[in-house]
Amino acid sequence: MLAGRIITAAAVAIAMALPGTLPALAGQSGKEPAPDFTLPTRDGGTVSLQELRGQVVMINFWASWCGPCRQEFPVLDEMYRKYRPMGFTLVGINVETETADAERFLAKTPISFPIAWDRANDVSGAYGVSAMPTTLIVDRKGNVRWLHRAYKPGDENEYLNQVRAMLREVP
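Residues 1242 to 1412 in the working numbering are what the sequence shown lists, from first letter to last.
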């Protein structure tokens, strides 16, 4: 278990050191094409960004050892449940090489949005993830429009502002 955390921390550190495909837009608006991905999901299926085109998609990169990630999950779940009928979806992408710790956390923190596994950190690397959590919002056309690193209570207000604005846009 400890070895898995050390390996995961090292993999995340390496991914953070690699140049990402996205500009450093932390908390700012932008318009970069979102790298496509297909990842296995917790329920045994897969999730592909291409399949979600036409929706406003929040991508949340997280790890079970990340305190702010744990703190943010109930807020994200509430947002997902409220705005899903309006064309919003959320994918939580876990960056740990082993899923056991994440599964233990999720067993204690029931959520309704899909969880995907990025065990090799290919997707987090493609998105230039440099902090936990990292949250991106992709518009209906597949462009990254907003990027936020880290989390503190109150950040969800900006998440909501961004999601609401993108949901109001004509597809």
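The hints are simulated quantities; they were obtained by calculation from the structure and are not laboratory data. One should not assume that every hint holds.
30 Å max Cα-Cα, derived DSS-like pairs, lysine-lysine [unchecked claim]:
#1 K1349 <-> K1272
#2 K1393 <-> K1382
#3 K1323 <-> K1382
#4 K1393 <-> K1323
#5 K1323 <-> K1349
Pair ranges (Cβ atoms, derived) [claimed, not checked]:
#6 K1349 <-> A1406: 29 to 35 Å
#7 K1349 <-> P1412: 35 to 41 Å
#8 P1281 <-> P1309: 21 to 27 Å
These numbers were taken from a predicted model, which means no experiment stands behind them. Here a beta-carbon is modelled for each residue, glycine too, at the ideal position from N, C-alpha and C.
Taking the earlier hints as the rules, which of them does this structure contradict? Those not satisfied come down to hint 1.
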